[in-house]
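Model the full assembly from the supplied sequences, consistent with the hints where possible.
These protein sequences, in sequence, are chains F and P. If you read the first sequence in the numbering used here, its first letter stands for residue 1, the second for the next number, and so on. If you read the second sequence in the numbering used here, its first letter stands for residue 1, the second for the next number, and so on.
Hint data in this document are derived by calculation from the structure and do not stem from the laboratory. Warning: the hint list may mix true and false statements.
A pair counts as met if it fits within one copy or between any two copies, since identical chains are not told apart.
In silico EDC-like links for lysine to aspartate or glutamate, alpha-carbon gap of 16 Å or less [claimed, not checked]: (1) 26 - 118; (2) 31 - 125; (3) 74 - 217; (4) 29 - 125; (5) 26 - 114; (6) 26 - 125; (7) 252 - 166; (8) 165 - 303; (9) 74 - 118; (10) 26 - 115; (11) 29 - 118; (12) 74 - 125; (13) 157 - 47.
Number of protein chains: 2
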Amino acid sequence: MFDSKNPQRTPISELGEFGLIDHLVKNAKSKLPNTALAMGDDAGLIDHGAYFTAITTDLLVEGVHFDLSYMPLKHLGYKSVVVNLSDIYAMNGTAEHITVGIAVSNRFPVEALEEIYEGIHLACERYNVDLIGGDTTASTSGLMISITATGRVEKAKATKRSGAKDNDLIVISGDVGGAYMGLQILEREKQVFIENPDMQPELGGHEYILERQLKPEARKDIVDLLHNLQVQPTSMIDISDGLSSEILHLSKASNHQFNVYENKIPIDPSIYTLCEEFNLNTTTVGLNGGEDYELLFTISIEDHDKIKANPHLSVIGYVKEGSGANLITRDDKVVELKAQGFKHHE
Amino acid sequence: MFDSKNPQRTPISELGEFGLIDHLVKNAKSKLPNTALAMGDDAGLIDHGAYFTAITTDLLVEGVHFDLSYMPLKHLGYKSVVVNLSDIYAMNGTAEHITVGIAVSNRFPVEALEEIYEGIHLACERYNVDLIGGDTTASTSGLMISITATGRVEKAKATKRSGAKDNDLIVISGDVGGAYMGLQILEREKQVFIENPDMQPELGGHEYILERQLKPEARKDIVDLLHNLQVQPTSMIDISDGLSSEILHLSKASNHQFNVYENKIPIDPSIYTLCEEFNLNTTTVGLNGGEDYELLFTISIEDHDKIKANPHLSVIGYVKEGSGANLITRDDKVVELKAQGFKHHE
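Now the structure itself:
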């Protein structure tokens with residue numbers, strides 16, 4: 001009805017997700033004195049005097065981030081909270097409050113929303129977070145959940161993506177690749193089910209990786225642990241898009257080179273067998289799998305003794321002056337790391 | 001693939017929007033000492049010592065809240081910010097920060113997102129708000145914008161929906177019904193366009209109401225005005241769903257009876273002629289139109305002198321002990337007000 005004033009049409013895929021966001025917010029200029037950090041990190045920071053308030057928003061869209069043929073609604077509600085809390089923990093903060101926006105088509109009954117909210121309440125309970133607002137609205141198709149999390153960050157503890165320094169160690173909590181392999185199992189069983197709806201899905205023996213995909217946890221415990229160990233990370237990010245991609249984010253924001261040893265990347269033993277079954281390279285899965293919601297951070301080398309014996313933490317590499325990131329392979333070759341998202345059979 | 005544990009299917013329409021939200025959050029229990037207000041108001045309140053931080057989330061969904069055949073993308077970006085800021089002003093606060101979540105299908109080019117962000121930046125500029133975070137993601141169909149706004153509320157000034165008292169006056173800023181009539185014009189011209197795409201839309205002479213619909217403003221100026229006049233509202237809400245619905249929200253939250261004079265409802269003169277053309281009742285449009293983003297509030301009768309000469313404010317009724325809400329018609333009949341959303345030809 002109205003002509004667009006701009007007839008040019010650049011496909012979004014041309015810029016990629018991160019390029020797109022950078023491009024769109026390049027005109028955003030912070031004006032307020034209490035805006036301590038805007039855009040480009042896991043959360044924005046507002047200066048509230050004695051401390052910062054961190055704030056972050058993440059969307060989960062049906063058909064893009066989840067598939068309701070295997071994602072139970074209660075788990076979906078739980079996960080949608082957890083992925084947001086994870087961003088607050090990545091600032092080295094304490095998540096405190098969330099708001100929930102849900103757009104839902106009329107193919108969903110009230111009971112479906114009840115199940116989602118059961119998961120939301122459970123996550124709030126488990127992470128000691130209060131739900132304080134939100135919006136529920138119709139959608140023309142599908143389900144969309146938008147959650148905003150806020151939290152408190154002590155000023156002296158606030159950890160951004162920038163801040164990694166020469167000789168710092170690169171540390172990761174837990175293990176990676178599990179959520180991605182859980183997804184492979186679910187996708188495989190979905191195909192079986194589509195071909196023969198009488199078949200029961202074979203999920204036995206894959207409990208760990210299925211839980212990593214369907215009901216991930218955010219590493220509040222690691223933030224507490226670092227506090228107790230008196231370790232102040234120099235930079236930090238949570239692993240949502242994949243280890244490789246997050247390493248490059250830290251490298252770029254910190255303006256330093258990140259070097260990661262292939263044989264140090266923590267991968268659950270069950271994943272090795274499974275990767276063979278799926279004809280996947282374990283390192284590729286570990287680097288690019290995504291959705292593990294572990295914390296990736298750097299620490300001063302002086303703090304090494306405090307963390308080295310800890311079973312929850314793995315030192316996977318070191319920081320140097322320079323730029324970009326390298327993988328040091330098992331046979332001591334140095335390969336440049338790229339954030340390619342996941343590609344099969346590499 | 002997995003059976004739902006709950007085979008019951010209650011249509012969402014059975015509960016209605018407000019009933020649904022009440023139902024879903026009834027299990028939310030606030031645990032944190034700094035949660036000052038959770039759910040059921042225009043915004044939640046977090047206690048930050050010297051002041052509250054207000055936080056609110058609103059979604060705008062294509063095909064539900066906007067129609068891109070007549071909503072320019074820049075206006076959409078602007079409006080999506082404004083409707084959220086309006087909720088912060090309704091707490092008698094100052095909006096300060098927003099996060100923006102956008103889910104968009106690949107039918108939209110980068111240039112479309114640029115136009116939306118142009119509107120977002122313009123609103124941030126105009127209302128002195130900083131954009132500090134967000135998420136851009138794919139959707140399988142259509143466009144969805146989720147915005148969270150936060151702001152600062154002085155503790156002594158914080159105004160909830162509850163708090164209206166016996167003999168308080170009911171006050172409204174600006175006028176109502178314009179946004180709804182703007183929508184009628186746009187829908188009419190869309191039909192003309194569908195039938196004959198060579199016809200140019202006839203929008204001349206309707207600038208005021210079209211702007212009310214396409215590019216509404218939030219009443220930051222009224223919050224400032226009340227501060228300057230030293231008027232502390234006893235209860236407040238913004239008018240998003242319609243005057244009638246909002247009056248009932250204040251009445252219910254304050255547990256008092258609200259009485260509104262039909263002939264005091266502020267309606268722009270242009271709307272009278274237009275209502276005749278569309279065969280609509282002006283009062284019904286004023287009461288149920290929605291999307292005007294004016295502020296509706298109550299004040300102590302002692303403050304009447306401070307506001308009575310102000311051209312931006314209209315006293316439309318009074319509060320009494322009791323419950324529910326009444327319309328006192330032009331011929332002095334008392335009719336119970338119901339939140340029916342909009343119905344034609346009443």
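Against the structure, the hints:
1. 26 - 118: between (39 Å within a copy, 11 Å between copies)
2. 31 - 125: between (36 Å within a copy, 9 Å between copies)
3. 74 - 217: Answer is within; shortest intra-copy Cα gap is 14 Å, inter-copy 38 Å.
4. 29 - 125: between (37 Å within a copy, 9 Å between copies)
5. 26 - 114: between (40 Å within a copy, 11 Å between copies)
6. 26 - 125: For residue 26 and residue 125, only the inter-copy Cα distance (14 Å) is at most 16 Å; the intra-copy one is 38 Å.
7. 252 - 166: Within one copy only: 14 Å inside, 61 Å across.
8. 165 - 303: This pair counts as within: shortest intra-copy Cα distance 13 Å, inter-copy 60 Å.
9. 74 - 118: within (6 Å within a copy, 37 Å between copies)
10. 26 - 115: Answer is between; shortest inter-copy Cα gap is 13 Å, intra-copy 39 Å.
11. 29 - 118: between (39 Å within a copy, 13 Å between copies)
12. 74 - 125: Classified as within; 14 Å inside a copy, 40 Å across copies.
13. 157 - 47: within (14 Å within a copy, 21 Å between copies)
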